[in-house]
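Chemist: Line order of the protein sequences matches chains C and X. With numbering that gives the first Met the number 0 as the guide, the letters of the first sequence map in order to residues 0 to 101. With numbering that gives the first Met the number 0 as the guide, the letters of the second sequence map in order to residues 0 to 101.
It is worth saying that the hints were derived from the structure and are not from the lab. Warning: the hint list may mix true and false statements.
No distinction is drawn between identical chains; accordingly, a pair holds when it is met within one copy or between any pair of copies.
[As the list claims (entries may be wrong)] Here are the simulated lysine-lysine pairs, DSSO-like style, with alpha carbons at most 27 Å apart:
1) LYS56 / LYS26
2) LYS4 / LYS56
3) LYS56 / LYS25
What follows is the residue order along each chain.
Number of protein chains: 2
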Amino acid sequence: MENGKSHILVCCSFRTTGVPQGFCHKKGSADLLGYLESQLTDHGLDDVQVSSTGCLKVCERGPAMVVYPEGIWYGGVATEEDVDAILDAMERGEIAEEYRLT
Amino acid sequence: MENGKSHILVCCSFRTTGVPQGFCHKKGSADLLGYLESQLTDHGLDDVQVSSTGCLKVCERGPAMVVYPEGIWYGGVATEEDVDAILDAMERGEIAEEYRLT
């Protein structure tokens, strides 16, 4: 745990039993999770924690992730380029508005 | 998504593949997740979102959960009574200090 540090939660659509079946998982969110983690250092974001989650309930706008404690929700994060754009924004202390869910 | 609303993340120890194998899951966190969701209304916390997560990396102090955007981490949440104590505190706008991870 890292009080006050950013924590990125990536929807992987797990059911309670752990079975990954939902929209975000089918769109490859588990692969993107690995890619995201691999890119943190390059973006100076080593202190950011990353976790997978069960369904975040924004399926129609997924693949989705949320950054806390800022409370910034992102959708349509489907490719490595999408992940790059979000991490680029975080590195600048900004929000990737083009992916933001409001 | 509920901007600004509380979001409880409950560690269910999912691996990236979705297989639940870690400490929190073995301690019954998936059952507690269902219990927690069932108790929200009674605590006036209907607007709180609840999600399961993969390993939150505080295994030695689990079963664990974290409440965002407040950024309050809890550990040792092993029984329904533990969940009740945390929800009671949230209902009062307080923190259940006896479970808090710092």
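Chemist: Given a CA cutoff of 27 Å, do LYS56 and LYS25 count as a within-copy pair, a between-copy pair, both, or neither?
Modeler: Classified as both: same-chain Cα gap 15 Å, cross-chain 25 Å, threshold 27 Å.
Chemist: With identical chains, the pair LYS56 and LYS26 could be close in the same copy or across copies; at 27 Å between alpha carbons, which is it: within, between, both, or neither?
Modeler: Both: 15 Å inside a copy, 26 Å across copies.
Chemist: When no copy is named, should LYS4 and LYS56 be tagged within, between, both, or neither for a Cα gap of at most 27 Å?
Modeler: So LYS4 and LYS56 pass the 27 Å test inside a copy (24 Å) and across (14 Å) alike.
Hint compliance for this structure: every hint is met.
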